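Chemist: In case you want the letters, here they are:
There are 2 protein chains.
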Amino acid sequence: MKLISGGVCAAKGFKANGVHCGIRKNRVKRDLALIVSDVPCTAAATYTTNLVKGAPLTVTKQNISNGYAQAVICNSGNANTCNANGIEIANLTCSLLAEKLGISASDVVVASTGVIGQPLDITPIKNGIPSLIDGLSYDGCDYAAEAIMTTDTVKKEVAVEFTVGGKTCKMGGIAKGSGMIHPNMATMLVFITTDCKISAEMLQKALSSDIKETFNMVSIDGDTSTNDMVTVLANGMAENDEIVSDGDDFKAFMKALNTVTVNLCRMIASDGEGATKLLECKVSGGKTLDIAKTVAKSVICSSLTKAAMFGADANWGRVLCAIGYSGACVDVDKIDVYFSSSKGTIAVCKNGSGVDFSEEKAKEILLEKEIDIIVDLNDGEFSSKAWGCDLTYDYVKINGDYRT
Amino acid sequence: MKLISGGVCAAKGFKANGVHCGIRKNRVKRDLALIVSDVPCTAAATYTTNLVKGAPLTVTKQNISNGYAQAVICNSGNANTCNANGIEIANLTCSLLAEKLGISASDVVVASTGVIGQPLDITPIKNGIPSLIDGLSYDGCDYAAEAIMTTDTVKKEVAVEFTVGGKTCKMGGIAKGSGMIHPNMATMLVFITTDCKISAEMLQKALSSDIKETFNMVSIDGDTSTNDMVTVLANGMAENDEIVSDGDDFKAFMKALNTVTVNLCRMIASDGEGATKLLECKVSGGKTLDIAKTVAKSVICSSLTKAAMFGADANWGRVLCAIGYSGACVDVDKIDVYFSSSKGTIAVCKNGSGVDFSEEKAKEILLEKEIDIIVDLNDGEFSSKAWGCDLTYDYVKINGDYRT
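Chains A and B are the protein sequences, given in the same order. Per the working numbering, the first sequence runs over residues 35 to 438. Per the working numbering, the second sequence runs over residues 35 to 438.
Keep in mind that a hint or two might mislead.
In this list, chains with the same sequence are indistinguishable; a pair is considered to hold if it fits within one copy or across any two.
DSS-like cross-link-like pairs, simulated, lysine-lysine; straight-line CA separation at most 25 Å [claimed, not checked]:
1) K431 <-> K403
2) K431 <-> K395
3) K397 <-> K419
4) K95 <-> K368
5) K285 <-> K201
I should point out that these hints are in silico values taken from the structure, not numbers from a laboratory. If you're wondering where the values come from, they're calculated on a predicted model, not measured in any experiment.
Construct the complete structure from the given sequences, taking the supplied hints into account.
Modeler: Okay, structure coming up:
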């Protein structure tokens, strides 16, 4: 497997585009994205567990309930959530697009991201659809990736090439992250495409399994969005024998999917609102997988740990504190903690107590842009990883006045 | 019942003091506090649920296991947590103090707050105890309240006068709050004294019941400290008939206790690290008490809601979002949300959808220092309150470089 370029257009038969249609009147930025497959695809998705759900999620869930889809449309600037006519607008978006594309409205995945609770006007979307379709191209991923951004500062796209049953397959994805990121079950907005041939059932199985270790292990600010959604479209144009059960082919597919999702997780975490650093918490020695995951997530979510990392302060007591209140059953007196970056690794806590370490060396390590917080629970064989970012002045600035 | 002055010295027979003994070498501030009753007291306490527990909590728990105590000693500047010799140092603190006071070491409540994982040197404590005792006085509460502060910007003390069985009783408390505040079961450091006569059993019952609605409903940053502790000492000098069971006297005591604790909660929340505003989330219409509490706590903990309040931005979608991911079973389509302050009240969401409101009026309301976020679930009879503060640049600043 190798990383390649092209994002959601890397796989055969996928076109994409993004245009500025004017959903946010005060900002000229592409705000409407489209991904279309030349042929129908099997489709899988996961959604936020937030009880307050964006209207597009309800519509998408209904549309892909048969396991098939062919196009994805997504606007930024308005979440179409907590609006009395939200479902109607989301359905109308699908039918307007489907009509122009000559496909069924029930083959459209629709998504929205932005402010909650402001009515979404269909007019700019309706007016934007013709140019959105006109500009579709096999190398249009960049435009789509840009159009789904809100406070994201960089486009997030990745693609891989892998082999299934002797056939070369490709898979790529784009993501929108930044704030209100603490996915549970699904996540932010992620659109993945592949030309691998795989049944809808196996595609859903692959996605549902993968997100538990990837998107659900990312947190920017502990707030689980109302509009989180990950979708995968597989159009089968690589002409491999369809994956319809477990086995080597499914394993190869899972590995490709995991490479795409982990890359997107890291991009989302490192571009968290206001973030200056990517944090990865690597937990080993857990008695169970659940314990390792709970500990990793708790550390990555701790505001105090995040602020300490912003300040390049080796305040490991906050890591211990976050492990202690995580709810995971751990033996505190066995825990070792290290900080690590490209500048080296330093032990700061052994058996639950502090050890002497060079503050100078620790500072040098923590001034880097990518920091690993390594926790060894010394209590079993299970490991986990979680991703997050530091808590900075800019997070407060961005969120103190996001809406107005 | 009326509010009075005097804090922990308001009740008959309680002296207090606070001195600078030099635990933090780089900061000249009172760092050692003492509260002593003229006679033995019944005692009750609750402690953090963090698995990583400060050594002083273990020692205090042991000391008051018989239901009695007579003195409280507390240092700031070092949490005496995650130190290999922590228990030894905490015990030594008790015995050094007890010897000079002529009481038993097992009648001492010991507490610490400050940095985790740095060995606590007994020398400054040992050297500080004589002047700490010399300076004890019946109006020394201010010094003790100051000595337990870390990043707190104001002293937190309160006292009330109430009547039990025809006798005038007094009760007062001091608190240390500020950061790493998200209590679960117990909380930050709170020391309460009363001259009301009450059995150890009923005292513990009163405290354990009260904190569920008070300290456990406060959150500054979602981080549950390793050293949270609330203690109450009751010395019986008001000469009321001892409270040994439920009834009117116990009710009067509970009401006094609740007045003290709610006042301290509000002080702790409004002096949260970096806070510019006190937030109170008032939830009504819950189907169960648990639902009302879960919703109130989730809203008060949401980083995005907190940052919006800092920016005086009426971004109510974040309130809905936090309710949706709280885990509480609510009917989203019934929820109403209001923002309120001394400048008025404004409805922003009805039946789960946005309503038109004046942004200007909302801004005027949210620019105040005390904001109520009012949520009506319209689904039952249960209510709850939670307290917190806004998320500001200064929170990040304080915690980006707290330790070094």
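Chemist: Quick one: which hint numbers does this structure break? Sort them smallest to largest.
Modeler: Those not satisfied: there are none.
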